[in-house]
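Participant: Sequence:
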Amino acid sequence: MSGNGLTYSEQGGEAAPELAQEAAPTVTPSAPTAFGLFSSDTKKNEDLKQMLESSKDSAKLDAMKRIVEMIAKGKNASELFPAVVKNVASKNIEIKKLVYVYLMRYAEEQQDLALLSISTFQRALKDPNQLIRASALRVLSSIRVPIIVPIMMLAIKEASSDLSPYVRKNAAHAIQKLYSLDPEQKEMLIEVIEKLLKDRSTLVAGSVVMAFEEVCPDRIDLIHKNYRKLCNLLVDVEEWGQVVIIHMLTRYARTQFLSPWKVDEVVDEYSENNFYESDEEQKEKDQKLKTIYTMDPDHRLLLRNTKPLLQSRNAAVVMAVAQLYWHLAPKSEAGIVSKSLVRLLRSNREVQYIVLQNIATMSIQRKGMFEPYLKSFYVRSTDPTMIKTLKLEIMTNLANEANISTLLREFQTYVKSQDKQFAAATIQAIGRCATNITEVTDTCLNGLVCLLSNRDEIVVAESVVVIKKLLQTQPAHHGEIIKHMAKLLDNIMVPVARASILWLIGEYCERVPKIAPDVLRKTAKSFTNEDDLVKLQILNLGAKLYLTNSKQLVGWFDSVFPISFYLGTKLLTQYVLNLSKYDQSYDIRDRTRFIRQLIVPNEKSGALSKYAKKIFLAQKPAPLLESPFKDRDHFQLGTLSHTLNSRATGYLELSDWPEVAPDPSVRNVDVAESAKEWTGILGKPKNEKPTEKFYSESEEEEDESASTSSSGSGSDSESEKEDKEEGSTDESSGSSSPSEESSDSESDSKETAAKKTCRAVNESDSQDIKKKTEGISIKRSTSSSSDTECTSSDECSSGSKSESDSKSDSESGKSRNATSNKKEEKPVQDRKTSKNQDMFLLDLNDFCPVTTPVAVPTAAVLSPSLAADLEGLSLSSSSVIDVTMQVSVPTKTHELLHRMSGKGLAAHYHFSRQPSIFGDRMVPVQVTVTNTTDQKIENIHIGEKKLPPGMRMHEFNPIECLEPGGSITATMGIDFCDSTQTASFQLCTKDDHFNVNIQPSVGELLLPVTMSEKDFKKEQGMLTGMNETSTTIAVAPPNSTRLVIIERVVKAANLGVVPSGQDNIHRFAAKTMHSGSLMLVTVELKESSTAQLIINTEKTVIGSVLLRELKPVLSQG
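178 is the number of the first residue of the sequence shown in the working numbering; add one for each residue after it.
Don't read these hints as lab results, they were simulated from the structure.
Think of the CB as a built atom: it goes at the ideal place given N, C-alpha and C, for glycine as much as any other residue.
Treat the hints loosely; a few may be bogus.
Result set (DMTMM-like, lysine to aspartate or glutamate): computed pairs, CA atoms no more than 20 Å apart in a straight line [what the hints assert, rightly or not]:
#1 807 - 764
#2 274 - 239
#3 1123 - 510
#4 233 - 223
Simulated DEER-style distance windows between Cβ atoms [as the list claims (entries may be wrong)]:
#5 438 - 668: 48 to 58 Å
#6 803 - 835: 30 to 40 Å
#7 838 - 396: 19 to 29 Å
Using the sequences provided together with the hints, build the complete structure.
Facilitator: Written out as structure tokens, the structure reads:
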């Protein structure tokens, strides 16, 4: 009681009398056993009744506060209902609010008394104060009495026509309450919803859409006329309403628009050029591409108006926009949501959990969206287990050949975590990576075997389970691992791990014929003390040995009679079967009967006994290590059903895209005033520039590009050509003009430059339609809607920005790529916003995407400390590692373009192995072009580039003219990002363009270095375990000399020779060109004409590929 007294005394002077009254409850006849907290104190209630009947508002207000306080504490205040109802007509707003709170709580319990106040509420619905009208409607709709449904219906209809948007908002809230009370009123409520949907107030929009979703979500015909209005009001609606509207519009769009995902399929189908294709066929194909898909202007309107909401401070709004882009946007545009979702990871853990779940689902289907932000998913020590597990899931989904080395180093740290559940999940992630990326399967398997010696039992147990799954994929090569696991059986006590080892030994008992019977002998002794799961696997092991190795003898020591003797596996199996026959578990007893009848032939044996071997030793399919989020994509992202992975009550499924586009005219508004007001959105060109553009900068660009294109349509070809040149040269300087145009104080010169730029791009768009791969994104008439012109102006500004960012591009390359690289730059433009928009986002270092690096002029040689910092590792603090020049070796030439495919233009390339003049990370490539025709070829240059994420290319300077029979060698630089992925681009002439590819071998991605033998051994000692790959090769005696080995290795890979003090050991060293990771190669000659090839590197994928390339080089005759 003293504790309670302290608590109440802190709340005010009135709390102490309450405590005294509670301590001495009054016993009444109606409640003879009532006690303090929940009893009705007559004296106190009388005091409150007197205060409510007082003529002073202060006393009434004080009484109502105490009554609401009683309700909040769980006390019964229903006896005060008559006294409270009398004050519903009070002129004091504060008293009225508290009376309404009380009535909402007790109206259902005191229905008869509540009905007495209905007339008062009806009068309050006509009160001049909008707050009173809204509160009266809220209380009236909260009285759950079926008899007043007609009165509520009438009140809602009147409130829906109220002049105050706040009252109309409460009318929309009341619709849902009335529908839950009496569903038979649905038709009348739909009429009210239809009326409120036409409301232009942002305060009403969210509430009425919520009512629409609750009452009639299938009546999409009510949305048609209001679709464009909702899209344009969306940015000004309150955050709760934005979420509701976005989810509703997502469902609406899936039923009214064609799938934008067909674009990718069409591009893939028509991306290949036919050499013998005529011009007529080419035009027909272009026309077909043009007519296959054109995005509906209303579809584009929705995407454009929701994009600014990615900067919202509300996580729910950002998540809603992200799911809308995921389900509705073309795949090339969906990537803009990545940065916003990653930004949400700095919120509280509950928000992180939901966002990470959705990212995990997205990353399965489209890895490229989140690969640039891989570091944002690294686990922090302060993260809870649920967040750690989700981040681990995402990193596993994003794993590929380029980043697996970094991820495996990260996973090695996670395995040592004190969070055992997380450590076990990390081991499962390593197993999934080993299954998905074949280059690191052996490396991961060796690392998991090393974990078997870990002190932590849970880590060892999980490793055993994962190793078992990996060995099922290729058991023939891992007999030694099975033997090693058999030795661990005595120390491992976790039932799942013991059962996995026994299953492996039983499944592959023919590969370990001497060990398997001995394992059965050991487990037979401890059979009675084992877990049920282990007992079942002991039975399976005995049955398999009975069928395959029944005559094998094993030693047996009897503790009762201390003698040793030998038993056959047949007797051991029968001994185990006899033990399990009387086991407490009925599962084990049933399995025993089944096995005995199947493998021990007798008179009662059925026909199945003949097939016992096929039943027990049948080939088992390897298990699939899949993501648990693989099957969640059929739920809409951001919903409760997606989070629970189960259909929740009220979940509305997204419909499939329609095969044929519904009639878009249903969204046209017939009212003349509405049509005039929304002219800009419907796509009709305006002759005069609006004075205000408050909501969107894209609207300004749209209007200006529309007026410019209409005024300049009659220019001749010469002026068009001049405008193109002018626009291309001014792109970099005019890239900021769209943001400046939004201010009222813009200068005429900047406005003119921006118009020229957009005009040049619009005119060049009409010519780019002839190109197959580009025609899809720009095939739309400028008069169809303003949306197309906004798109083109966006591309214009985006192109200028991206070109100004790439410092290493030549000026001529900029002017040419302004129009040819639109498709490539489409994902980049969505991530780039204007300066005003960037002020709302956090500019953090880890947000810089890998796909658009800036070439910084640095020295040609990377310092070892810088390379180490780039990788996040300290390779060496005292080693002296210098970059050296490669010895002169003959370089292999590769064909880039055959003269037949190039219409007489032939091209070859080779890797010069010289320091790159374009940057430290660039691999220099020398391209030789030859003119085999009898006519000169003009303007040879690089056109559209299709590079994997992160890869960069520095083009060679355009070749103005190549005479017949002439040949010119040009140098270009490519940053392959330490991967052997293909760099695809177009080699263009004045009249044609040809698709070509450059794919490097692993040896060309290296930079040779020199170091002492001591430093080599030191670095090699730091790169062991999962960072080491080795193999044994056969070397012919003539090829085992030092000169031959050095010559062959250096010819195959760009490696530097390290001095060695031993004649039978040859060492080579290099660094990867992009990341500066060390690559250490050792060739150790053994006896009997064999050698061991060892590669130590952090880049395990590159190490594995280099091992495969060097092996045939050293073993050939």
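Participant: Are the hints correct? Go through all of them and say.
Facilitator: Each hint, compared with the structure:
no.: 1; hint: 807 - 764; in the structure: violated (33 Å)
no.: 2; hint: 274 - 239; in the structure: holds (13 Å)
no.: 3; hint: 1123 - 510; in the structure: holds (16 Å)
no.: 4; hint: 233 - 223; in the structure: holds (17 Å)
no.: 5; hint: 438 - 668: 48 to 58 Å; in the structure: holds (54 Å)
no.: 6; hint: 803 - 835: 30 to 40 Å; in the structure: holds (32 Å)
no.: 7; hint: 838 - 396: 19 to 29 Å; in the structure: holds (21 Å)
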